[in-house]
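J.: Residues per chain are reported as follows:
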Amino acid sequence: MALVPTLFYILVFPGFLFMGAAGVLGEYVDRKLHARMQNRAGPPWFQPVADFIKLLSKEDLIPADADRTIFKLMPVLALTAAATAFLYVPLWSTQPLYSFEGDVVVVLYLLTIPTFCFFLGGWYSKSLYAGIGSMRTLTQLFAYEVPLFMAILSPAVLAGSWSLSEITAYYQVHPGYAFFNLLGFGVAIVALLGKLEKVPFDLPEAESEIVGGTFTEYSGRLLAFFRLTIDVETGVAASLVSAVFLPWGMAGLPAAVAFALYGAKVLFIIFLLALLRTLFARLRIDQMVEFCWKWIAPAALIQLLVNVILCGVLP
Amino acid sequence: MPSVKIPIGPQHPALHEPALFDLTLEGERILEMQLKLGYNHRGIEKACEERSYIQDIYLLERICGICSHSHSTAFCMATEEVAGLQVPPRGQYIRTLVAELERIHSHLLWLGVAGHETGFITLLMYTWRDREVVMDLLAMLTGNRVNYGVNTIGGVRRDFTAEQLQQILKAMDALEERTKYYIEVAASEPTLAKRLVNVGYLSPGDAMKFNAMGPTGRASSVDRDVRRDDPYLAYGDVQFKVVTDTHNDVFGRTLVRVGELMESYSIVRQLIAKMPDGPVKVKAPRKIPAGEGVARYEAPRGEDIHYVKGNGTDKPERVKVRAPTMGNLAAVGKMLENNNLADVPVVIAAIDPCFSCTDRAIRVTDLSKGRTELLTWKELRQHGIEWYRREAGVDFSRLNKLLAAR
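Residue numbers (the numbering used here), protein chains in the order written: chain B, 1 to 315; chain Z, 1 to 406.
Keep in mind that the hints are not guaranteed to be accurate.
Unchecked claim - Between beta-carbon pairs, the in silico distance windows are: (1) P204(Z) to A50(B): 47 to 55 Å; (2) Q38(B) to G43(Z): 39 to 47 Å; (3) S397(Z) to R68(B): 37 to 45 Å; (4) P2(Z) to T80(B): 32 to 40 Å; (5) A64(B) to L402(Z): 36 to 44 Å.
Claimed, not checked - Over 12 Å on every C-beta distance to chain Z, these chain B residues come out as not near it, computed from the model: (6) A35; (7) F46; (8) D51; (9) D60; (10) D67; (11) L97; (12) Y98; (13) S99; (14) F100; (15) G131; (16) V157; (17) E166; (18) Y170; (19) F268; (20) T278; (21) L279.
As the list claims (entries may be wrong) - Looking from chain Z toward chain B, a few residues come up when the C-beta cut is under 7 Å (computed): (22) F120; (23) T122; (24) R195; (25) N198; (26) N211; (27) P345.
It should be emphasised that the hints constitute simulated quantities derived from the structure, not laboratory data.
All residues carry an ideal CB built from backbone N, CA and C; glycine is no exception.
Make the full structure from the sequences, and use the hints.
T.: Now the structure itself:
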């Protein structure tokens with residue numbers, strides 16, 4: 001592979017520059033919508049960028065007891081994993097940058113890594129609050145991860161492929177079939193609230209209970225990387241969900257129209273996430289786990305079963 | 001899993017004032033709670049003895065940022081009892097009116113805090129926006145949003161005009177509608193109910209035993225309200241219901257407070273309808289005769305008691321304040337037993353605590369020697385000088401000598 005295009009991919013598009021910009025824009029839209037729904041004015045458009053730059057200029061404080069290597073490595077690793085996932089997600093055309101049979105599993109796997117990074121970073125910062133936050137991160141992971149996987153894989157089962165480009169291409173041929181996956185779409189949105197640690201599933205960083213949760217000891221650049229990770233993760237997850245569940249108009253349209261359509265779909269998903277986090281109070285960890293296993297997991301299972309049956313019935 | 005000790009406080013996002021709740025946890029379950037107070041002692045009672053009665057009103061009003069009117073009214077009532085003064089009816093009505101507006105703003109504030117502690121930020125934003133309505137009313141009536149400065153010995157310092165009273169009535173209609181909406185939210189929002197129902201359980205027996213008062217007690221079926229049981233100010237002239245609840249948990253405490261909001265709107269309307277004409281105060285002597293007076297007052301957080309002892313001069317000999325939080329704090333340990341760590345903030349917040357109102361003297365306990373001692377002012381000062389020389393390398397002893405010489 002030539003060096004220049006590779007560097008362009010990594011640094012500009014769809015690498016750090018585009019991803020960072022998209023993530024930061026997503027955070028702004030989320031914060032503004034959240035604020036407007038709560039009768040507040042909300043931040044100006046550059047607030048997430050300003051926050052990021054401010055954090056970059058701050059001192060990095062590492063607790064004396066913390067494991068320095070892991071403490072410093074985790075934010076970078078989390079961002080890398082989230083950024084790598086972006087390469088395999090189809091955005092406005094059915095063809096992502098890189099694609100192979102089984103990339104949907106890889107994307108889901110890469111999206112799990114940041115959560116583990118939050119856990120390890122919090123755990124090795126050797127703070128009580130961060131420790132409790134880390135345990136909650138992991139407990140929560142076991143509750144939402146399985147429904148999320150089942151929900152995302154259901155459309156793949158119907159399409160009969162483990163490759164994102166082939167899944168989206170299948171739905172270009174059969175656009176009506178995407179409506180069979182609406183239940184899975186709901187499950188994915190709820191599970192995303194858990195993955196992105198938003199109300200009602202923001203237990204790992206519940207500030208009124210455990211100060212800053214997993215991120216209690218993080219400051220400066222390292223915290224900035226963690227926050228950017230969450231922004232990028234939001235972007236990747238929203239793109240993934242829109243590609244899998246809202247796959248309409250991804251082929252045969254002019255590039256500008258397709259791009260606008262992609263933007264609208266991602267913003268719609270961010271709107272749903274903002275709406276849900278406005279509507280609810282934070283659940284307790286036992287209630288969260290119970291809710292996920294009692295309602296979300298069975299719903300995902302039903303979706304999976306329906307798709308398995310549809311596979312045999314549909315022409 | 002081994003038990004861990006986790007400190008909630010002295011500085012913690014859930015607490016609005018410093019206090020230390022030392023929790024012993026097993027996983028997320030609370031085994032034990034130890035409470036440490038004393039970070040906010042301000043020496044107000046002592047300071048009262050060195051100031052005149054009029055100055056004391058303003059000092060005592062600053063005990064609490066939320067129930068400021070409660071403390072100044074209770075002090076004025078106790079002093080008037082000593083001096084044998086009769087406040088004219090219009091003065092009584094104006095005091096009562098401000099007291100009820102204060103209750104409205106306090107309960108709306110509490111509702112927002114409960115939202116914040118359960119991660120329901122939307123509720124916080126909504127209730128605090130509505131609270132601005134009553135804050136603006138208070139600013140319009142008294143000139144201030146929190147420390148109203150409306151009381152004086154023998155009555156009140158300001159009379160309210162008919163237009164002002166009309167504006168209050170209009171605001172009450174708007175607030176009543178909003179409160180009905182909150183009652184609906186509290187009753188129908190599933191995640192909020194999940195976080196409040198069966199959390200911080202306090203049985204009626206325990207509520208009596210631990211002396212829970214105000215909305216905390218009333219939510220555990222303790223049917224006590226000074227406004228009805230021992231009517232003061234103009235409360236004898238108005239009809240209202242003492243709101244109690246049988247839930248015995250944080251949900252019950254929420255319902256009691258929201259119910260009291262509705263009662264307060266009705267009390268305000270009755271007060272304005274019956275507002276008598278006439279003077280708002282009687283002239284009070286500068287020197288209050290010797291004697292003792294006690295006032296009981298139903299503050300938004302519970303019963304507030306002020307004791308005043310006069311000695312014939314213009315300064316009181318002793319002022320004693322028993323803020324409502326003092327009565328409620330003992331019950332918190334019971335409420336937290338077997339609860340979840342996640343419920344700690346909302347359980348603590350549910351008594352609507354005010355630690356700086358409660359803190360009194362500091363007692364230093366030397367744990368290594370196991371002895372408790374009280375430092376005199378001179379010893380404390382010497383300790384400070386030595387500490388700074390040792391820890392910070394700053395020597396204040398020369399400055400101290402210069403100050404002592406002056």
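J.: Any hints from earlier that this structure breaks? Give me their numbers in increasing order, please.
T.: 6, 15, 20, 21, 25, 26
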